[in-house]
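Chains as they are written, first to last, in the working numbering: chain C, 865 to 1200; chain D, 865 to 1200; chain G, 865 to 1200; chain L, 865 to 1200.
Be a bit skeptical, because a hint or two may be false.
In this list, chains with the same sequence are indistinguishable; a pair is considered to hold if it fits within one copy or across any two.
[To be verified] Using 25 Å as the maximum straight-line C-alpha spacing, the simulated SDA-like pairs for lysine to any residue come out as follows:
id: 1; residue 1: Lys972; residue 2: Gln1141
id: 2; residue 1: Lys1048; residue 2: Leu1200
id: 3; residue 1: Lys904; residue 2: Glu968
id: 4; residue 1: Lys1048; residue 2: His938
id: 5; residue 1: Lys1048; residue 2: Gly1025
Hint data in this document are derived by calculation from the structure and do not stem from the laboratory.
Just so you know, these numbers come straight off a predicted model, no measurement behind them.
There are 4 protein chains.
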Amino acid sequence: MVRVGICGVTGYAGYEALRWLRRHRHLEVVFATSEAQAGKSLAESYPGPLDIMLTSVEDAPFDKVDVALLALPHGAAARTAVRALEAGAKVVDFSADFRLDTPERYAKWYNHTHEFPDMLPIPYGIPELNRDAIATARLVANPGCYPTSVILGTMPLLRAGVVTDPTIIVDAKSGVSGAGRAAKVNMLFGEIHDTVTPYNIGHVHRHVGEIEQELAKLSTSVTPTVIFNPHLIPVTRGMLSGIYVRVDASLDEASLRALYTTAYAHEPFVRVMPAGQLAAMAHTVNTNMCAISVTLAQPGLAVIMSSLDNLAKGAATQAIQCMNVMCGFAETEGLL
Amino acid sequence: MVRVGICGVTGYAGYEALRWLRRHRHLEVVFATSEAQAGKSLAESYPGPLDIMLTSVEDAPFDKVDVALLALPHGAAARTAVRALEAGAKVVDFSADFRLDTPERYAKWYNHTHEFPDMLPIPYGIPELNRDAIATARLVANPGCYPTSVILGTMPLLRAGVVTDPTIIVDAKSGVSGAGRAAKVNMLFGEIHDTVTPYNIGHVHRHVGEIEQELAKLSTSVTPTVIFNPHLIPVTRGMLSGIYVRVDASLDEASLRALYTTAYAHEPFVRVMPAGQLAAMAHTVNTNMCAISVTLAQPGLAVIMSSLDNLAKGAATQAIQCMNVMCGFAETEGLL
Amino acid sequence: MVRVGICGVTGYAGYEALRWLRRHRHLEVVFATSEAQAGKSLAESYPGPLDIMLTSVEDAPFDKVDVALLALPHGAAARTAVRALEAGAKVVDFSADFRLDTPERYAKWYNHTHEFPDMLPIPYGIPELNRDAIATARLVANPGCYPTSVILGTMPLLRAGVVTDPTIIVDAKSGVSGAGRAAKVNMLFGEIHDTVTPYNIGHVHRHVGEIEQELAKLSTSVTPTVIFNPHLIPVTRGMLSGIYVRVDASLDEASLRALYTTAYAHEPFVRVMPAGQLAAMAHTVNTNMCAISVTLAQPGLAVIMSSLDNLAKGAATQAIQCMNVMCGFAETEGLL
Amino acid sequence: MVRVGICGVTGYAGYEALRWLRRHRHLEVVFATSEAQAGKSLAESYPGPLDIMLTSVEDAPFDKVDVALLALPHGAAARTAVRALEAGAKVVDFSADFRLDTPERYAKWYNHTHEFPDMLPIPYGIPELNRDAIATARLVANPGCYPTSVILGTMPLLRAGVVTDPTIIVDAKSGVSGAGRAAKVNMLFGEIHDTVTPYNIGHVHRHVGEIEQELAKLSTSVTPTVIFNPHLIPVTRGMLSGIYVRVDASLDEASLRALYTTAYAHEPFVRVMPAGQLAAMAHTVNTNMCAISVTLAQPGLAVIMSSLDNLAKGAATQAIQCMNVMCGFAETEGLL
């Protein structure tokens, strides 16, 4: 049995990780941390079926676990990751602290100096892209929800070199759990319900940094610029990215779809929709799946719909998938 | 033109009042206050079509208005009401500060000493009950949303003296705007969506004080004890109270319904549902209506469904209805 | 490996069963039926990650399975159950066809003659009540969602003989999946969203028949009459029953709660909430749990909140729990 | 007093029209039709505060009204419009029957022959574009919800001649009331709640025909092709279009915004958001407003957010606005 510790279990992503880990047959959860609730039991603060005694990160016994899952705020995560690594644990970090390959890029998008620049770069935790690097890593940077959606949604086109215009437009819709569980007026039920709210549109959302970094590695024809336009939708969880890509005008829709079915033929967690079906949030919610549809809107303009659950494939279950790869488990263990 | 000032316009109830006042033909809104947003415009902080410059309560020119509507926190409201009255304005106070008839009752339910005990009692602002007292009042205590729902829902039975058991059970469902617009984790979208949450059940919710006070005045057969069981529902606005009342076992359903149709025959804002139709939230949302259905579940046990919009008939539009009565306008002015 | 067939997999409850069965380690799903979609694949008609070829009930090979789960309409279910039993399969029937113990009771609540009166009574599938009978049964009648909620919510009080008034009032709130997936105007998103709708209140809902039947077996002090008042809530899944029971006035809240903690001490799927916490929908959604809280509203009046997921413990996972008992598996297999 | 008749009042748009007409001071509603509910009262079939006796279209006394609002299905609307016109009434038709300027264009997008080709073209009912033509018309074609959103959202750019690429990408999000009130499985609460569903994406949605027709009239630099990608969102009402337009790369964001503030300077129902604020659904729901924000994502690429209420400015209140223009009322009468 692999021993696991979870940090930040009273946030949405940490709780989601704990929820899924119950189904994993080869591990046991040894500790769970919460800054606000340390000393209490999880069930006291979280209305659900799970329970475990909560400790603070400071008191977390990283030397007693084989793997630590860190669902901590940006900044705090890096220091905790270092501590866990030094104690001998492998680490999957949910934060953005290790997602960018260079201190310069980190400073640009997160506006302060990286505390551990010598550790960069760290393998970026999308197994469908980086399975080998993840398998041998002791620290993996679990990607953001939007980036996973956009990267999986464009990878086959970029690798095939059929993208003809560097500007890729993404119109993304996300459930509000992505914003976390902090008390903010703009996240109140009364502010989110019955409306759709765009925010941080253009080229400013922090996820643009990691999206462009990864797309550039994949692309063989252009260096993508991502115009990224996120919206809050009145659902708790789920994500759908509409991706508009200019492609070689000689390609028909079937050829484009073939790039996807080939690329993901052996991936258990990516589903390419058949012709005539569009990926929707409902295809993936509460699963580790990413569902992708490809539509040719006019010659040379592809519309990709990429759906995943922001708390699952966009955070907690992708982390477990990485952990499975790191520990040598079947990649699907605990994730069906 | 009557000049009106609104205090607390960036809360849900204050904003709702401003929204409705646009439709009133005989008044103009002179000022609007917001503690957090003073000095800014309303549209900056509130995503909607309305706009007005915001001032602080301290700077509000009560001497420039004929009526002040106070949508302020409990406690702050009373002091502001006194100030507005001294400046010559009539006042409708949305808070609980003047709803209870005695300082003792206030201290019991709100757990501190009333600052202006000599002002009590103040007319309780349900025009369907107290039209004459409201017409001549300079200060009216606008009722709570739950109390309006329960009082209108039981008044005909109580006045007719057919209630046989003092214990009245209320199972109430409310939209979350009733909890206000303060940043609290338990009011986040992610905590309210896709669940129903009971809270403060039994005989402890503060609204029980004013409900029992008013029911006792109406009742001719028993002194009611209200077992009050509120639930948060994933809607922004709306309220439905299921009220379980033991009545004279000789009465059939038609006789019970006749008590309601008679009592409310001339009320423009109360709708008694015909036999076979149950009052639902949808009957009243975004209106100043209260819809009531009466069902005889078994001989001697009546089930009343009482529906209103907690922000409208439960707060803002009831206040405007009171204002209309206080100012001699048609009671329906601006409320259709 | 136990071989399982599911009938009615394109309805909400049948689909839910298939979703959970993926996690069960000791069975394989051999066939799935759908009248409307026979000949197509499940993924064509259902936006989700699951897929299986669909057959009609007529063509279903019951002789190739060990267990058949029937999520079929009332009426059709009984005939299919007989066919499956004759083919040698064990059966868990989700419908109401075998829930009532006598043909007379069935005729009263379902308004037509039972087709197989000699088969009655059949074990009622709440393992927490009837584990032994279920273990040896070849056919089990899976209970309704509301009945499971009310029966588990009152069983400890009834068995202890502390209920003093036969009239038990239930104010129940349900997600709309309970109404099934048929196209009806009153189930459209536009009719359900942003409202709460009571329906069939009083003593008329068909579930009253099985609730009263089972409560009568449990009760040692009264023969309960259930005033049952269901409401549609704008959630897809989840159920919360507020249950108002008159009890021996000498009992305090701790004594009442002790009846529950004792009764359910060894039940993996019933959670009695600690003092001060109320059961909410969020405690059980997407799980096979039933969460129950007990509050003494005034001496002699208990308020029980009983929460479960209408599609899970109220239908599909309760059926799997029964199947586990019938097949000798661990009762929790596939249900965590 | 102008006498008005409404056809199709039990659909969402017709009901919305009736709801708003209550606030109009210069008219009375003389009749309302419903095919399914003729002979009953509106309140019997519609859970809300309104009531009126319903008649069939066949029996509607068009000779007794000055204006007829037709919220009828496509096809039936044209024949009824002709009948009403012959009876002497002015007509605002909510359907698509008269929106396209030529029979050929109609046949292309609606796939059958226009019944009254000689009547075309008819003034297209966006007062902000066609106020003069509407003022003198006896029949006005009320636009679709998506087209109003896109046309108002791009008009200032097109008229100014700054659009440089004919391909305009629209990623549109709509509440489900736009799909009407017919019973369909894919519009059930359980299918719409907690998901976002794209449909008819690319160049196939019927609204593309009228959008491209009107944009071509406005544009001075290109003949637009609209790649139109609609999504169903779990809200009843509201619409937000994200519009991606290539513009002259020398323009900064302030210059683009100035085109909008100038174009709409005197329009009471169009609100151009100030710099730094994005239009969201909440800005316009339950109003006749269209809110528009302009963001320069990168040099040469503008992102327009255009928000309106699909049942209001997208249907019913736009029709009343047209009626106000046709009848010589203040354009804002009844619409605040």
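Next on the checklist: I want to check one pair: Lys972 and Gln1141. Are their C-alpha atoms no more than 25 Å apart within a copy, between two copies, both, or neither?
Outcome noted: between (39 Å within a copy, 24 Å between copies)
Next on the checklist: If the cut is 25 Å between Cα atoms, do Lys1048 and Gly1025 qualify within a copy, between copies, both or neither?
Outcome noted: neither (43 Å within a copy, 42 Å between copies)
Next on the checklist: Regarding Lys904 and Glu968, is the shortest C-alpha distance of 25 Å or less found within a copy, between copies, in both, or in neither?
Outcome noted: So Lys904 and Glu968 fail the 25 Å test inside a copy (40 Å) and across (38 Å) alike.
Next on the checklist: At most 25 Å between CA atoms: does that hold for Lys1048 and His938 within a copy, between copies, both, or neither?
Outcome noted: both (18 Å within a copy, 22 Å between copies)
Next on the checklist: At most 25 Å between alpha carbons: which applies to Lys1048 and Leu1200, within, between, both or neither?
Outcome noted: neither (34 Å within a copy, 31 Å between copies)
Of the hints listed earlier, those the structure fails to meet are numbers 2, 3 and 5, in rising order.
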